[in-house]
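K.L.:
Position chains B and C relative to chain A; hints supplied.
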Amino acid sequence: MTALGSPGATLAAIRARGPLVHNITNFVAMDLAANALLAVGASPLMAHAREEVAEVVGAADALTVNMGTFSPPWVEAAELAAGEARRLGKPWTLDPVGVGATGFRRENGRRLAACGPSLVRGNASEILALSGLAAGGGRGVDSADTVQGAASAADALARRLNCVVAVTGPVDRVTDGERVARVANGHPLMTRVTALGCSLTAVSGACLAVEPDPFLAALHALALVGVAGEQAAATAAGPGSFRVGYLDSLHGLTPDALEAAARLQEGDS
Amino acid sequence: MTALGSPGATLAAIRARGPLVHNITNFVAMDLAANALLAVGASPLMAHAREEVAEVVGAADALTVNMGTFSPPWVEAAELAAGEARRLGKPWTLDPVGVGATGFRRENGRRLAACGPSLVRGNASEILALSGLAAGGGRGVDSADTVQGAASAADALARRLNCVVAVTGPVDRVTDGERVARVANGHPLMTRVTALGCSLTAVSGACLAVEPDPFLAALHALALVGVAGEQAAATAAGPGSFRVGYLDSLHGLTPDALEAAARLQEGDS
Amino acid sequence: MTALGSPGATLAAIRARGPLVHNITNFVAMDLAANALLAVGASPLMAHAREEVAEVVGAADALTVNMGTFSPPWVEAAELAAGEARRLGKPWTLDPVGVGATGFRRENGRRLAACGPSLVRGNASEILALSGLAAGGGRGVDSADTVQGAASAADALARRLNCVVAVTGPVDRVTDGERVARVANGHPLMTRVTALGCSLTAVSGACLAVEPDPFLAALHALALVGVAGEQAAATAAGPGSFRVGYLDSLHGLTPDALEAAARLQEGDS
Chain A
0 MTALGSPGAT LAAIRARGPL VHNITNFVAM DLAANALLAV GASPLMAHAR
50 EEVAEVVGAA DALTVNMGTF SPPWVEAAEL AAGEARRLGK PWTLDPVGVG
100 ATGFRRENGR RLAACGPSLV RGNASEILAL SGLAAGGGRG VDSADTVQGA
150 ASAADALARR LNCVVAVTGP VDRVTDGERV ARVANGHPLM TRVTALGCSL
200 TAVSGACLAV EPDPFLAALH ALALVGVAGE QAAATAAGPG SFRVGYLDSL
250 HGLTPDALEA AARLQEGDS
Chain B
0 MTALGSPGAT LAAIRARGPL VHNITNFVAM DLAANALLAV GASPLMAHAR
50 EEVAEVVGAA DALTVNMGTF SPPWVEAAEL AAGEARRLGK PWTLDPVGVG
100 ATGFRRENGR RLAACGPSLV RGNASEILAL SGLAAGGGRG VDSADTVQGA
150 ASAADALARR LNCVVAVTGP VDRVTDGERV ARVANGHPLM TRVTALGCSL
200 TAVSGACLAV EPDPFLAALH ALALVGVAGE QAAATAAGPG SFRVGYLDSL
250 HGLTPDALEA AARLQEGDS
Chain C
0 MTALGSPGAT LAAIRARGPL VHNITNFVAM DLAANALLAV GASPLMAHAR
50 EEVAEVVGAA DALTVNMGTF SPPWVEAAEL AAGEARRLGK PWTLDPVGVG
100 ATGFRRENGR RLAACGPSLV RGNASEILAL SGLAAGGGRG VDSADTVQGA
150 ASAADALARR LNCVVAVTGP VDRVTDGERV ARVANGHPLM TRVTALGCSL
200 TAVSGACLAV EPDPFLAALH ALALVGVAGE QAAATAAGPG SFRVGYLDSL
250 HGLTPDALEA AARLQEGDS
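Residue numbers (numbering that gives the first Met the number 0), protein chains in the order written: chain A, 0 to 268; chain B, 0 to 268; chain C, 0 to 268.
Everything labelled a hint here was simulated from the structure, so no lab data went into it.
All figures in this text were calculated on a predicted structure; none of them were measured in a lab.
Even glycine gets a Cβ: it sits at the ideal position worked out from N, Cα and C.
Warning: the hint list may mix true and false statements.
Claimed, not checked - Taking CB as the label site, the calculated pair distances span:
hint, chain 1, residue 1, chain 2, residue 2, range
1, A, Gly88, C, Ser151, 35 to 43 angstroms
2, B, Ala58, A, Arg86, 36 to 44 angstroms
3, B, Thr1, A, Pro187, 48 to 56 angstroms
4, A, Ala2, B, Ala259, 53 to 61 angstroms
5, B, Asp255, A, Arg158, 49 to 57 angstroms
6, B, Ala2, A, Gln264, 38 to 46 angstroms
7, A, Ala183, B, Ala256, 32 to 40 angstroms
8, B, Ala259, A, Pro211, 53 to 61 angstroms
9, A, Ala259, B, Ala15, 36 to 44 angstroms
10, B, Arg14, A, Gly148, 20 to 28 angstroms
This is chain A alone, in the form it adopts within the complex:
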């Protein structure tokens, strides 16, 4: 698993360093995003006021931007924060929630993508829309397209933005435009809990803070969240108890257990 790094080592580094992750995220996701970061051993900070976002980025180890319920002041603050992250060489993740759903979201997605993310994390429909390959698309914030169907759009987006693109689905696919790998962890119940994907985006910030290669950081975040989801699903009675168990698992997962359960694979098949 050398070429794909060690998810366990990344988790151990998060636990050891406790990176500060600045999140500008949607109203639905804030609670779960902050709790997921605390559970893995990182320190979350939510701040969106334009008066302070640049200063918060200066203190943080990574930034995540999730445009789920954005209104214009939030977009402006996210642009300020992302620009500062770029200027300081700090990694940041863009989660283009529902980017294909409205003209407003398409414009927000374009503006934020232009700020140079280290990682773009979305479902197939979102990546297709952001990549400009899909004319419209996007039903709510769920994905109506397949991960593999978004592969070439993801590759093109990664090359155009010079970043890593992670497309999540039953089997996740990550590319930096050159390398490709897949992560076969996770469970269908994860699609029945709101903000689960947003919590992955938050956790990716913690991984980016400790793993300098964003391609590996994205893979390890997907494995970490996916394995925690599998563990939670094993005893969950439904989406309510699944969400509880997911946070317990993120907290209790050891680096060795993660390493053993992670299902990373190079290439497209």
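P.N.:
Frame of chain A; chains B and C shown alone:
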């Protein structure tokens, strides 16, 4: 139970069609509202920016508006969305949270009621306040009045707005100004969990999306949420585990089990 | 325990009177703050629109202000609400979340402290920053300083603002500038769940509403939340199930059990 339709059939239709429900709701309720919709099989979308709400309504199957923590931009966005729903003939629910509590909320309630909701869902104090029969009233967002004490106010409101009015309490009462029915499901722990009523409002959007008669849709939403609450209460150790079990039950409830447990009654007694 | 009052009697009074607590709090904390208040038997109301906050304070028994994700309109609304509380002689709590983190938060903290809180509740870093004894400080919203290291800053702040200052940590310390007491309840898992401290701030509002001495009210809130945390930790598998059990315990805790488990101590050692 013919005159009151089949709650089980409504749930089955939600599961089969996965309607997209657009919610403009308060900050406290967003998480539970989205999770309740996912649990019953619908697809939630939260969006409040004035730049996109009309377009979101265009893509959605139903809209719900919950004015709990509204500030003026949110009221304006809700008016835009409700107006578009009306124009397109799409159903929408108004939840007038704490409408009697302040002059600002009274004005917001008046403005939103004027947009022509398909369904108004509130506790007795809220319906009394909105109906203009109560001079002031409303202690916090809890109800200080009784469901039966709000019956004539609810009837008048339903006739004035040409909509369905659901007053929730120990036994819920639904009217369209002509028909009256009651739902005797639920559990007292539901009043000890924030946003439980808001999640009912969200679920009502899913029911309105698949059941064309809003009177029946309201009854079925009340039965669905009430039965899930009863199941959750059976094993809950308190409001924390109740909330978890409530989502599990919404997800696990079968149409047959709902049909068997629903306690719908025609008339006022 | 006479000089430190009776936590059990305070809890019993909350259950008997059901005080209405108005909260102007951050987006992350709203859900848990409202649920904690409901669980202890109080009635929460979240409202932040400048158009209504003064009227809400007029109806409420206490106010809490938590500046976690504030932007300028929220600061302005909190100032209006706090001023009205002061004018009406109603108690209010200030939670200066991350006050040392940015210049914007420092300015917000200064402005809100100038509104005359009854109680300031923060971790050691926050109290040091607010007291002006720390030049910068504050890593995220966690505490990098010790409770005892913030003791003189807390005393000075309490005297300057003529209020009670509660510094939370492994052992909490409360002072009104004259009296000092400590609370040795709680559990380390409480630092791994977002908004736990914010929920304490909300619960302090309920205690202030029924206990006229804010020094005692602060102690009793700390004991109540700390004992609930201990009970929850006894069976929790991690932060997810801990949060669930915490709300169950807040709801199920009897005044006698609280009285027996509370570990209040006079003085600094």
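K.L.:
The structure should be examined with respect to each hint, and the outcome stated for every one.
P.N.:
Checked hints:
1. A:Gly88 to C:Ser151: 35 to 43 angstroms: holds (40 angstroms)
2. B:Ala58 to A:Arg86: 36 to 44 angstroms: Given range 36 to 44 angstroms: holds, Cβ gap about 37 angstroms.
3. B:Thr1 to A:Pro187: 48 to 56 angstroms: violated (36 angstroms)
4. A:Ala2 to B:Ala259: 53 to 61 angstroms: holds (56 angstroms)
5. B:Asp255 to A:Arg158: 49 to 57 angstroms: holds (53 angstroms)
6. B:Ala2 to A:Gln264: 38 to 46 angstroms: The hinted range 38 to 46 angstroms is violated for Ala2 (chain B) and Gln264 (chain A), with Cβ atoms some 58 angstroms apart.
7. A:Ala183 to B:Ala256: 32 to 40 angstroms: holds (34 angstroms)
8. B:Ala259 to A:Pro211: 53 to 61 angstroms: holds (58 angstroms)
9. A:Ala259 to B:Ala15: 36 to 44 angstroms: holds (40 angstroms)
10. B:Arg14 to A:Gly148: 20 to 28 angstroms: holds (25 angstroms)
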